[in-house]
Amino acid sequence: MIVEAKDRKINIIDTTLRNGEQAAGVVFSKHEKIRMAKMLDEIGISEIEIGTPSIGASEREIIKEIVASGIKGKLFTYTEAIPENIALAVECGIKNIIINISTSDLHIKVKYGQNKTWVLNQLRETIAAAKHYDLNYIISAEDATRTDLEFLLKLLHLAQKKEAYRFRICDTVSRLDPFRTFLLISTILNTVDFPVEVYNHNDFGMATANAMAAVRAGAVSLVTSISGIGEGTGNAALEEIVMALKYLENIDLGVTTARFREIAEYVAKASARAVPVWKAIVGTNVFAHESGIHADGVLKNPINYEVFEPGEVGLTRQIVVGKHSGSHTILHKFKEFGIELTINEANDILAMSRSMSVDLKRPLFDKELMYIYKDYEDNNKKI
Amino acid sequence: MRGLDVLTEFSMKAGHKIEPKKIKIDDTTLRDGEQTAGVVFANDEKIHIAKMLDKVGVHQIEAGIPTMGGDEKAAIKAIAALNLNCSILGWNRAVVSDIDDSVECGVDAVAISISASDIHIEHKLRKSREWVLDSVKTAVDHAKKYNLYVSVNAEDASRADMEFLLQFARTARDLGADRLRYCDTLGILDPFETFMRVKTIIDIVGIDVEMHTHNDFGMAIANAIAGVKAGATYINTTINGLGERAGNAAFEEFVMALKYLENVDLGIDTHLFRDISEYVAIASGRFIPTWKPIVGANLFVYESEIRASTTLIDPKTFELFGPEDVGLKRKLIIGKSSGVHTLISKLGSLGYKIGEKEAAELAEIVREKALSLKRALFDSEIIDTFNSFIGTGPVGADSKNKGVNK
Chain A
1 MIVEAKDRKI NIIDTTLRNG EQAAGVVFSK HEKIRMAKML DEIGISEIEI GTPSIGASER
61 EIIKEIVASG IKGKLFTYTE AIPENIALAV ECGIKNIIIN ISTSDLHIKV KYGQNKTWVL
121 NQLRETIAAA KHYDLNYIIS AEDATRTDLE FLLKLLHLAQ KKEAYRFRIC DTVSRLDPFR
181 TFLLISTILN TVDFPVEVYN HNDFGMATAN AMAAVRAGAV SLVTSISGIG EGTGNAALEE
241 IVMALKYLEN IDLGVTTARF REIAEYVAKA SARAVPVWKA IVGTNVFAHE SGIHADGVLK
301 NPINYEVFEP GEVGLTRQIV VGKHSGSHTI LHKFKEFGIE LTINEANDIL AMSRSMSVDL
361 KRPLFDKELM YIYKDYEDNN KKI
Chain B
1 MRGLDVLTEF SMKAGHKIEP KKIKIDDTTL RDGEQTAGVV FANDEKIHIA KMLDKVGVHQ
61 IEAGIPTMGG DEKAAIKAIA ALNLNCSILG WNRAVVSDID DSVECGVDAV AISISASDIH
121 IEHKLRKSRE WVLDSVKTAV DHAKKYNLYV SVNAEDASRA DMEFLLQFAR TARDLGADRL
181 RYCDTLGILD PFETFMRVKT IIDIVGIDVE MHTHNDFGMA IANAIAGVKA GATYINTTIN
241 GLGERAGNAA FEEFVMALKY LENVDLGIDT HLFRDISEYV AIASGRFIPT WKPIVGANLF
301 VYESEIRAST TLIDPKTFEL FGPEDVGLKR KLIIGKSSGV HTLISKLGSL GYKIGEKEAA
361 ELAEIVREKA LSLKRALFDS EIIDTFNSFI GTGPVGADSK NKGVNK
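Going down the list, the sequences are from chains A and B. Residues in the first sequence are numbered from 1 upward in steps of one, following the working numbering. Residues in the second sequence are numbered from 1 upward in steps of one, following the working numbering.
Among the hints, erroneous ones may be present.
Unchecked claim - Pairwise CB distance ranges (calculated): (1) B/Glu-324 / A/Thr-187: 41 to 49 Å; (2) A/Ala-351 / B/Arg-330: 48 to 56 Å; (3) B/Asp-275 / A/Asn-344: 26 to 34 Å; (4) B/Asp-275 / A/Leu-153: 42 to 50 Å; (5) A/Leu-158 / B/Thr-290: 34 to 42 Å.
Source of the hints: derived by calculation from the structure; they are not laboratory data. Cβ atoms here follow ideal geometry from the backbone N, Cα and C, with glycine treated the same way.
Could you build all of it, start to finish, from the sequences and the hints given here?
Following this line, the structure appears as structure tokens:
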């Protein structure tokens with residue numbers, strides 16, 4: 001059966017506060033974590049991973065405060081499949097958890113020094129502990145994309161039998177491309193009818209594409225982080241996922257996207273990682289047009305080079321004058337300054353602007369354009 | 001949303017054998033890379049980048065836009081005169097005088113670019129489909145007089161009516177053009193649609209296809225790979241993905257994805273990737289994010305306990321390729337997510353020994369410190385913390401090693 005796109009509901013579970021903070025060198029303060037959780041809640045993200053209780057007492061204090069901060073959405077904490085860890089989450093007032101365990105032969109051998117039977121037992125015991133406290137739990141298969149498919153399906157059947165909330169497929173080493181993602185997820189769903197979510201890494205720049213492929217194959221939930229912050233190359237970026245779902249898959253989650261830039265900036269400050277100007281969706285360069293052809297096209301009609309309005313993600317459009325500008329950009333810019341140029345004047349000023357830009361190795365400020373105009377006028381008066 | 005039947009058909013076809021020798025990289029760092037708002041390369045930098053690209057084994061370099069004249073033209077001339085192993089291509093509008101400028105620069109290949117979508121034809125060019133095809137004809141005929149390798153670029157191909165796009169491709173083929181560049185100008189394709197569209201063109205028209213993808217929705221690499229799976233043989237990349245708006249398919253990501261995910265080794269010298277990335281970063285005035293795929297400085301830096309301790313035993317647990325493959329180094333740092341084993345190993349590498357029980361206590365102190373500083377610790381801070389821990393440490397701390405740096 002084919003479900004119409006507009007009727008599909010895809011869940012987002014954001015892990016900025018958990019895996020995002022796990023990025024080497026990143027530390028969020030308590031206030032930052034509470035603020036980020038609130039921001040995610042406010043824009044309409046209904047599930048948030050807020051930390052790992054077993055890390056230590058200070059982490060648990062922060063988790064408790066977030067739990068007490070009045071967030072509407074479901075709050076999750078993360079744990080390895082260790083039964084004793086469950087009580088730590090309960091102590092924090094948590095109702096939803098993610099139980100993670102590595103499932104690939106390589107990880108089972110190197111990380112645990114164990115075998116598959118041990119993995120199953122460990123998982124069963126941890127599930128029993130979670131059930132004892134009446135917790136809602138997601139089972140997360142780490143390195144699932146290098147896991148023997150038979151074993152993975154066995155775990156899915158276990159999740160189904162034990163009434164887990166969802167099953168998470170982790171592409172821990174970015175082993176997937178979109179095609180393999182599609183085949184894996186559809187194979188799984190053809191065998192076991194159970195809600196599946198995917199957790200992607202970006203080692204080959206395909207986190208977002210793989211997440212979209214999973215949605216096509218029938219996954220119901222995606223794990224994201226703001227700006228894609230996470231271990232190594234990071235995860236699928238929340239803003240990319242939401243916009244790609246909306247514009248490429250026609251699935252509108254109703255998220256308040258106009259706050260995307262603001263939120264990306266907040267996380268950038270908190271993580272001491274800049275938002276690259278070219279960052280997809282929220283980079284300031286995404287709506288900056290310099291080259292003659294692009295700027296001219298955008299000035300005639302933004303639809304030529306833009307899929308959505310900049311305001312939709314909290315950005316503004318910029319027309320930049322630099323080495324690659326054309327005469328239409330100059331005409332437009334000076335019109336904004338209240339000066340009507342003839343096409344000949346525009347061409348002369350364009351030549352001056354280009355050579356100045358090459359000399360300075362950057363585009364020009366509006367002030368610099370005015371200086372050029374003054375010089376140009378003065379020169380013409382002399383003649 | 002496309003039906004599942006289409007996708008099934010597609011999954012059957014996808015992943016047909018890719019011949020490594022047939023896949024060629026056409027790098028456009030010097031053209032689309034520089035064209036992005038705010039970036040200007042000096043001519044010396046352009047020449048240096050061209051030499052580096054040639055050295056690692058790129059097949060073609062898109063060196064710039066000759067018709068811009070001045071410095072741009074001079075740089076392209078200089079690059080063409082280097083007599084590199086790779087082909088040198090000049091970018092042109094479908095305008096005869098543009099091509100004359102390319103010829104003057106001494107390039108052996110030209111890209112002739114014109115919009116193929118009705119949106120662009122109507123709102124940007126303000127012309128007709130016939131006008132577009134006529135312009136292609138005039139331009140390609142002109143270029144072929146000079147015996148140049150000709151790529152006809154279908155700009156905004158993703159929003160073009162498929163029937164017209166096929167007509168466009170057929171026109172190019174019949175004029176003797178060597179390939180069609182499929183430009184996903186706005187970055188709006190997903191890999192599945194890319195596959196279907198590119199495969200359709202190749203199956204029906206039978207012309208070499210090049211992929212030019214953009215990263216507006218984070219799909220540039222996935223779409224380039226999808227194009228290759230559909231039979232495209234040329235990929236237009238840029239170092240660091242530098243390019244208009246959110247950029248293009250990053251050279252280093254594409255080469256490594258093809259090698260490690262699709263098992264297709266193009267024979268590119270990947271060891272120089274970090275070097276080239278750094279050079280282009282500096283020349284373009286844009287930093288390399290520490291988390292940048294393939295070449296980010298943090299990619300082989302481990303902090304969290306599980307990843308760090310497992311990687312120490314066998315790097316394959318969390319790495320598909322090693323840092324040395326791309327000119328990086330593996331490193332352990334101690335911060336908020338570090339634990340006992342990471343700490344023992346880190347102290348060991350600094351020349352200090354500590355038992356597991358003490359390390360557990362020290363780890364707690366170290367984590368608190370990282371939390372209050374909001375960052376990972378410097379080596380000297382770790383040593384300091386260790387020394388004061390040993391000094392005031394509990395009975396049973398290994399006093400024989402007190403402050404001893406072997």
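Status of the hints after comparison with the structure:
As the Cβ distance of B/Glu-324 to A/Thr-187 is approximately 35 Å, the hint placing it in 41 to 49 Å is violated. Range check, A/Ala-351 to B/Arg-330: Cβ separation about 51 Å, and the 48 to 56 Å hint holds. A C-beta distance of roughly 46 Å is found between B/Asp-275 and A/Asn-344, which places it outside the suggested range of 26 to 34 Å. At about 45 Å, the CB distance of B/Asp-275 to A/Leu-153 agrees with the hint of 42 to 50 Å.
Take A/Leu-158 and B/Thr-290: their Cβ atoms lie about 38 Å apart, and the range 34 to 42 Å holds.
Checked against the numbered hints above, the structure breaks hints 1, 3 and satisfies the rest.
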